[in-house]
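Undergrad: Sequence:
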Amino acid sequence: MTTASSPEKYEEGEIRDSKQRNGLQLPVLFVSLPQRIWTTRRPAINTRHIKAPYSDTQDWGISPTVGLAFVNLDTTQGILCQISDSQTFVRTIQKLSVLCPSAILIPNTSINPKSKLVSILEQHHEQLNCEILLADRKYWAEQSGMEYIQHLAPPRDVDSLTIAVGDNYYAVCSFAAVVKHIEVGMNLIVPHSTMRIRYESSEGSMMIDTATIRSLELIQNLHNPKSRECLFGLLNRTATPMGSRLLRSNVLQPLTNSEELKVRFDALDELSTKEDMFFATQAALKGQLDADKILTNLIITPKEQTLQTTEQAVNNILALKQFVSSVAPLHEALAGCHKGILPDIKKCLHPRIVSPVLELIDGSINRDTIWAGKPVDLRNQRTYAVKAGVNGLLDVARTTFREAGQDAFDHMQSLATEHNLGLEFQFDTPRQHYFRLPLSELDERQLPPVFINIFRKRKWLEFQTLELIKLNQKIRDSATEILLMSDKTVQTLILEVHGYVPDLFRISEAIAMLDMLCAFANLVTTYDYTRPSINETLALRTARHPVKEQIQLTKFIANDIYATQTRRFQIVTGCNMSGKSTYIRTVALLVIMAQIGCFVPCSFATFPIIRQLMARVSTDDFIEANVSTFSAEMRETAYILNNIDKHSLVVIDELGRGTSTRDGMAIALAIAESLVSSRALVWFATHFRDLATIMSDRTGVTSMHLSVDMSHKDTIKMLYRVTEGVEREEHYGLKLAKVLPFPPGVIDKAEQVAAVLDERAKRNKKASLAVVHARRRKLILSLREQLRQALQGNMNDVVLRDWLKAMQDDFVIQMVRIDEEARAANEVEEVEEGVEDGDVADSLHMRGALPDERSRSPAARESLAGSAMCSEPSMLFDD
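Once you know that position 772 of the sequence shown is 772 in the UniProt record's numbering, the rest is easy, because the numbers rise by one and skip nothing.
Keep in mind the hints are simulated off the structure, nothing from the lab.
Here the structure is a predicted model, which means the values were calculated and not measured.
Where hints are given, some of them may not hold.
Within a straight-line C-alpha distance of at most 30 Å, the following computed BS3-like cross-link-like pairs (lysine-lysine) qualify [claimed, not checked]:
id, residue 1, residue 2
1, LYS457, LYS470
2, LYS274, LYS286
3, LYS286, LYS262
4, LYS138, LYS114
5, LYS374, LYS457
6, LYS262, LYS738
Here are the computed distance ranges between Cβ atoms for each label pair [unchecked claim]:
id, residue 1, residue 2, range
7, ASP410, ARG456, 24 to 34 Å
8, ALA372, ASN453, 20 to 30 Å
9, ASN535, GLY363, 54 to 64 Å
10, GLU759, ASN642, 41 to 51 Å
11, LEU442, THR554, 45 to 55 Å
12, ASN224, ILE469, 37 to 47 Å
13, ARG541, THR309, 51 to 61 Å
14, THR723, THR88, 48 to 58 Å
15, GLN552, GLY336, 34 to 44 Å
16, TYR527, THR194, 50 to 60 Å
Glycine included, C-beta positions come from ideal geometry on N, C-alpha and C.
Produce the complete structure using the sequences and hints provided.
TA: Structural data, given as structure tokens:
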């Protein structure tokens, strides 16, 4: 193996055969470097801008995103992955360690200057045991990557892959590079539609596709991109740029490790209950600079030094001094912490870690010199940053700078006295010093001719004089001379600090985590949020939509949510504007909040670990793809069906609205059947009321509906309350139509037709043995689930006994009701059509051959549950 310790050891455009490690053939892996990441002012899932690392040192390296493309030529398999990582690239290294590559391909522009990711790859070369190869930067092209996906993937997978990769720009670019290298560098051809390609989320985090991110408004409000009315906007009460970036990364990649979540919950519990610690931490976080950006600017510098880079170097040292000085107050604020991740954060923020850096800075930089926000103050701080006595000429230049500045101020006072004007002394970087005067002071007078470069700005006049321009030039020359003489000392100091950068990055990550937890604590102490627990059941009491509850003027109506494997597919019906969409979105948002370590808006909460969240709730057209609403929703639904598993949570809203009623119903029913079989947790909001009726007897299916009040004539009042059961046919449309000026008799005729159709629908309902069997099976499985949860609970003997007795009574009543409804329906069917051949059991009941439940004794009724379980013993154990 060749180590990648210097640029000369990298090989350009050449790759050896896959090597053997421990007897296993290893895949060839290719990685693209992190690119510039836009701030939240730019759409979060539309990062279309790319820069070489050395061309934008101001922004590159902040909250890096890494695109990965893995290709195994022995198995013709490709894996695409995009990771929102930290400054230490923990997730990237972990992903590489899992897949054990034999080679890593990187752009040749990442070597000179060497990027941080390349440096970290070198540090882990023994762990990774792979070669680093170079390729031309132009190979990383998004359009080529999408074309390769469409060309190499099997046709049935192309649509799903297109949705999965979506706006994952860097992953697509990486795939373009690996395929191009295979074709050009290795002189190999991959046949059409022969490569198995899939998109994988990073390990340990929930997979959320870009369509779901957009439709659930996780990062950005759909109607107003600048609005904070989204999940990220609600949670983002951070005080530092690092904390904000970490929060955004967590919202897009929630955790799936229950132990990590528990330590976050413990830390948040302590922060939200200890007021002194909370307020002290908030105060210590206030005014924190962007540590990631400071450290990145220190280690990544352009090859050619200019006056601007010299100024920036001094600025970086001053910013670094403020950053390391702020660590001690944070450590003191956490003095009494004992729970969760807080002790680890406190350990990372120990002052002894930064004390060597402070000593290095104090050895060359004046103690009184600090970071300043205003341009004139920052220039003065730069000028006096390096300690006096290092260079005699430096002291002379500072004297000249100080005298020229005093002369400029004296010049202003002289003019103010001579012309009786209330002049103000101002500064900006382009003009240097200038004068400012309120327009109200002039009255009808004109400015004296000595003033030039006059500029009107609102209620102010801004201007200079020839003498001031000369003094500005003298001040500028002195400042430049001071900078150039200070540069050697500053550059030496920066090189000495380089050795402590890894520790400083870890401190930055600790501050980011602490800031995010403080933001959560701020939220949960302001509103009535509850700590969730992690187990196999999803149960929420009085759950509220986290965003809408904040913006809604009236009181938000809370609802209970409950899902297990016996209630895994929940059909939600209701009239328009009854709250179906809000209800199902609430489930998804609260799952995300719980899996990033935040408390949730409800009075009680338990969650299972969800590894994949998918939503089909948007009805917007895909304008770029030029497809209709129906095609768009079918493509998204196909992606869900191809990727869903038992660890997924899916919310689907109004599927099938883009086509005819009959076709939409058929498609919705087929998709619902497939989703039930997946064993995922699904909330399925639909306007097809018959879907709930048809699916009601399927195991795992539960019907819910949003209640409305129709007791008042010609009005409908939305209650926004979720009620269990199939929605009754209330003829909402007829109710609303009565308000409109229809001709006489039209509404009456419509009501007559509706009544006839209702009666016909009731007569057509059948209760076959298969349906009765399914309903009984569903009831027994529900009993099993309740008993299992009681076994895992902590009720005392008295409460448990009463609960079991009530549960038994309820079970017997429901079982009798099933038999009675089946018998009544079959009696009507016999009168109209005669007894069918398959209804032998029902016929025997009617003839008296089998005992009637209504004639059973109370003791016999109470034993019905036991007989039902004995008749189908496998139901309690096999679902």
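Undergrad: Give a verdict on every hint.
TA: Each hint, compared with the structure:
{"no.": "1", "hint": "LYS457 to LYS470", "result": "24 Å, holds"}
{"no.": "2", "hint": "LYS274 to LYS286", "result": "19 Å, holds"}
{"no.": "3", "hint": "LYS286 to LYS262", "result": "27 Å, holds"}
{"no.": "4", "hint": "LYS138 to LYS114", "result": "18 Å, holds"}
{"no.": "5", "hint": "LYS374 to LYS457", "result": "20 Å, holds"}
{"no.": "6", "hint": "LYS262 to LYS738", "result": "55 Å, violated"}
{"no.": "7", "hint": "ASP410 to ARG456: 24 to 34 Å", "result": "27 Å, holds"}
{"no.": "8", "hint": "ALA372 to ASN453: 20 to 30 Å", "result": "26 Å, holds"}
{"no.": "9", "hint": "ASN535 to GLY363: 54 to 64 Å", "result": "56 Å, holds"}
{"no.": "10", "hint": "GLU759 to ASN642: 41 to 51 Å", "result": "43 Å, holds"}
{"no.": "11", "hint": "LEU442 to THR554: 45 to 55 Å", "result": "54 Å, holds"}
{"no.": "12", "hint": "ASN224 to ILE469: 37 to 47 Å", "result": "46 Å, holds"}
{"no.": "13", "hint": "ARG541 to THR309: 51 to 61 Å", "result": "59 Å, holds"}
{"no.": "14", "hint": "THR723 to THR88: 48 to 58 Å", "result": "51 Å, holds"}
{"no.": "15", "hint": "GLN552 to GLY336: 34 to 44 Å", "result": "38 Å, holds"}
{"no.": "16", "hint": "TYR527 to THR194: 50 to 60 Å", "result": "54 Å, holds"}
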